[in-house]
Amino acid sequence: GDSVTQTEGLVTLTEGLPVMLNCTYQSTYSPFLFWYVQHLNEAPKLLLKSFTDNKRPEHQGFHATLHKSSSSFHLQKSSAQLSDSALYYCALSSNYNVLYFGSGTKLTVEP
Amino acid sequence: ETAVFQTPNYHVTQVGNEVSFNCKQTLGHDTMYWYKQDSKKLLKIMFSYNNKQLIVNETVPRRFSPQSSDKAHLNLRIKSVEPEDSAVYLCASSSGGAGDTQYFGPGTRLLVL
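As they're listed, the protein sequences go chains A and B.
According to my numbering, the first sequence is numbered sequentially starting from 1.
According to my numbering, the second sequence is numbered sequentially starting from 1.
For reference, chain A alone in the conformation it holds in the complex (with noise of 0.2 Å):
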């Protein structure tokens, strides 16, 4: 079936410095990956989501790469903003465009 991996469970880090954020996938399809963020209290909203024609998506100073091979699509930015302080999740979607969320990532930075 459809799962998600993050790794990582709580991120700390100091403001300027640059973020990571694991994710994998196992999927029987080739699905889409997506990236959402939730800050506290609000919705989940879309931050990334992957092309089919292998471009980058890029949004807000994040990005992140489909990698088929190694079946992740990791989150990065350059330089973290204290703004960036959120719940980060990674998710799939292949039959019948259900979202199929990872455990999620909380991403705390600090001055």
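Do not rely on the hints blindly, as some may be mistaken.
Only some residues are given here: those of chain A computed to face chain B with a beta carbon under 7 Å [what the hints assert, rightly or not]:
#, residue
1, L40
2, P44
3, L46
4, F62
5, H63
6, G104
Anything over 10 Å on all C-beta distances counts as not near chain B; from chain A, calculated [to be verified]:
#, residue
7, E15
8, G61
9, K77
10, V98
11, S103
Below 30 Å or equal to it, Euclidean Cα-Cα: the simulated DSBU-like pairs (lysine-lysine) are [to be verified]:
#, chain 1, residue 1, chain 2, residue 2
12, B, K41, A, K49
13, B, K44, A, K45
14, B, K44, A, K68
15, A, K106, B, K40
16, B, K79, B, K24
17, A, K49, B, K52
18, A, K45, B, K24
19, A, K77, B, K36
20, B, K71, A, K45
21, B, K44, B, K71
22, B, K41, B, K79
23, A, K77, B, K79
24, B, K41, A, K68
25, B, K41, A, K45
26, B, K36, A, K45
27, A, K106, B, K36
28, A, K49, B, K44
29, A, K106, B, K79
FYI, nobody ran anything at the bench for these hints, they're computed from the structure.
Computed from a predicted model, the values in this text were never measured in an experiment.
Just so it is clear, CB atoms sit at the ideal spot from N, CA and C, and this is done for glycine as well.
Given chain A's structure and the hints, the job is docking chain B onto it.
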């Protein structure tokens, strides 16, 4: 305003009671979803509807029943709540095409005493 709306924001009830949650989307989408976010923040799909038809039921207990009157509305009824039903219930919608973005509502937080 085009978005996904959910009511109520918060509901407290006792074990064995029946509850209903409402979801409406004004995005013109054909597909709607219910997800459950538990106390550990795990997010799991419960149901998916396309144009009022049930498409996906992810082995949810039978006390949960979704109801759709039209493609813009998807409600969720829980017949006899259990303590483990305490969670945030998130409604989402999308155009339904492969890889389409899902837009989430603010959620309904349920507390079962």
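Non-conforming hints, listed in increasing numerical order: 1, 4, 5, 10, 11, 23, 29
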